[in-house]
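Engineer: Since chain D is already given, all that's left is putting chain Y on it; use the hints.
Protein chains: 2
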Amino acid sequence: MRVLETAQQVREWVKQLHAVHGLTIGFVPTMGSLHEAHLSLIDISRQRTDKTIVSIFVNPAQFSPGEDFDSYPRDEEADLELCRERGVDAVWLPSVDEMYPEGFSTYVEVEGLDTQLCGASRPGHFRGVTTVVSKLFNVVQPDVAVFGRKDVQQARIIQRMTYDLQFGIEIILGDTLREVDGLAMSSRNVRLTPEHRLEAPALHQALSEASSQFQEGINEAERLLETVRNRIKQDAPSGKIDYIQLVGWNDLQPVEHVDTKSLLAVAVRFGSVRLIDNIILEK
Amino acid sequence: MRVLETAQQVREWVKQLHAVHGLTIGFVPTMGSLHEAHLSLIDISRQRTDKTIVSIFVNPAQFSPGEDFDSYPRDEEADLELCRERGVDAVWLPSVDEMYPEGFSTYVEVEGLDTQLCGASRPGHFRGVTTVVSKLFNVVQPDVAVFGRKDVQQARIIQRMTYDLQFGIEIILGDTLREVDGLAMSSRNVRLTPEHRLEAPALHQALSEASSQFQEGINEAERLLETVRNRIKQDAPSGKIDYIQLVGWNDLQPVEHVDTKSLLAVAVRFGSVRLIDNIILEK
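Line order of the protein sequences matches chains D and Y.
The first sequence lines up with residues 1 to 283 when you count with our numbering.
The second sequence lines up with residues 1 to 283 when you count with our numbering.
If you are wondering where the hints come from, they were derived from the structure by calculation, not from laboratory data.
Using N, Cα and C, we set each Cβ at its ideal position, and we do this for glycine too.
Heads up, some of the hints might be wrong.
As the list claims (entries may be wrong) - The calculated label-pair distances, taken between Cβ atoms and stated as ranges, are:
#1 D:Glu-222 <-> Y:Ser-105: 20 to 30 Å
#2 D:Pro-194 <-> Y:Ala-19: 48 to 58 Å
#3 Y:Phe-104 <-> D:Asp-68: 32 to 42 Å
#4 D:Phe-69 <-> Y:Arg-178: 49 to 59 Å
#5 Y:Glu-77 <-> D:Glu-256: 49 to 59 Å
#6 D:Ala-120 <-> Y:Gln-234: 54 to 64 Å
Unchecked claim - Covered, in the sense of this in silico footprint (three residues per stretch, anywhere, with C-beta under 8 Å from a C-beta of chain Y), are these stretches of chain D:
#7 102 to 108
#8 138 to 147
#9 165 to 177
Extracted from the complex, chain D is given alone in its bound form (with noise of 0.2 Å):
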């Protein structure tokens, strides 16, 4: 496995398998922290392509000013075994300073996905989210990029770039993976206390229950989103409900009723870590 320092290095690798060995290549870009949810990706894209890259890139562009860049968990050492035993073909350790350079200025905003759900509580993320994914992908140019479904909006605002922009990447969505008692995994976990690690699976055994009244034929926003919010404040009471929302999949803008593939989509704090848990309803 080869573990690349600077985008030369990487825009070598990359030109040698496409252009002289004719491969195709499949990108995982991720903040690090791995655990079982980011090595399905990888697996996703191993499938799909000859060739896998990983970034591992804790993007300072993406947080605000309060939230936690800092203490995000970082564990370099042990993201470079996991990626070599699951067989990646190369990893991709960007530094801050490579990729915001003094003087740097351009944004890539995907305007309308980012006014509800974690782009309301989160004013700026996606604009940094879609900026450095637009760098990874300008450096890599990948023929696959694989991103989680859990962090949906992300997923869906990437797929938008990812079209307008004409990058000419196939963006597949992977499931969410879920720990035994149906927490989404999430290198945020880690820093749950045992408390609150006890109460998190309250989130999806939430969405799984609204869900369940969504195949039972409710199918109005203000049922579904009120059994969502009775059970997460029955069963997680420490947490504190940042979003409930349902959107429509295409637009993410409040629906009242389920008429086409929508999402209900939860955010909730447990003291200073967000977690976030969604499912689709679709008939």
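Structural biologist: Chain Y in isolation, oriented as in the chain D frame:
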């Protein structure tokens, strides 16, 4: 010469040249109505790379409502003939429908460099430019791209964007070409009335006069700007001055004295035709 309509045709042409033949590609993005200055950019590209592709696209996103999008001169047949004669290998004629599909909502923006000069009088213009150039770059993936120095703010913004977003493309600026009386070549010149055409060379004469003063040791912005203003008022009485500014080359912000490489730039309206020109002041 290949005439390509869709992005997919361009990708296939480029991939063949890059991957199969290992050739380098030069790119000259234009809005058509080609004149000798465009052709000089094509010459630069042909000298520097193996194959040259020209795009012709009057980009609606860089015109504000009320600007001259509809009346911007277009002559596709003549443009194709000029490209053919000049040895261009491929011309891409993107359609508005393919470039801006329904729901298009992604924009690329360079902050800071767009506050002065044309950016001040054409809000949103440079966002339209950087967005479309990003798209063109993503499809063409050239090794080198050539822009004219007459649109100097555009050129500087594209240089910044290319560096910040790590496109890995070398940006080359071609010198401004001029008519015998000094008027900078522009596709818009054909829309000048005979009277305005006679006055228009005053822009370059005014900038040259200030440049001579600078060479003689005068470096106060106030005096240099005054020289330009007086010359234009005297020799182009029909012209309505949009701006006369002296800015630093790096940040495009106003300077009071020319201590480092600076840019003296003007925009003047003759009827509905807005002309720009500039000169570099450097010791």
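Engineer: Now look at each hint and say whether the structure bears it out.
Structural biologist: Right, here's what the structure says about each hint:
1. D:Glu-222 <-> Y:Ser-105: 20 to 30 Å: Given about 29 Å between the Cβ atoms, the range holds.
2. D:Pro-194 <-> Y:Ala-19: 48 to 58 Å: 54 Å, holds
3. Y:Phe-104 <-> D:Asp-68: 32 to 42 Å: 33 Å, holds
4. D:Phe-69 <-> Y:Arg-178: 49 to 59 Å: 52 Å, holds
5. Y:Glu-77 <-> D:Glu-256: 49 to 59 Å: 54 Å, holds
6. D:Ala-120 <-> Y:Gln-234: 54 to 64 Å: Holds: the Cβ-Cβ distance is about 57 Å, inside 54 to 64 Å.
7. 102 to 108: holds (count 6)
8. 138 to 147: Holds, because 3 residues of the region 138 to 147 of chain D bring their Cβ atoms closer than 8 Å to Cβ atoms of chain Y.
9. 165 to 177: Coverage by chain Y holds for the region 165 to 177 of chain D (4 residues, Cβ < 8 Å).
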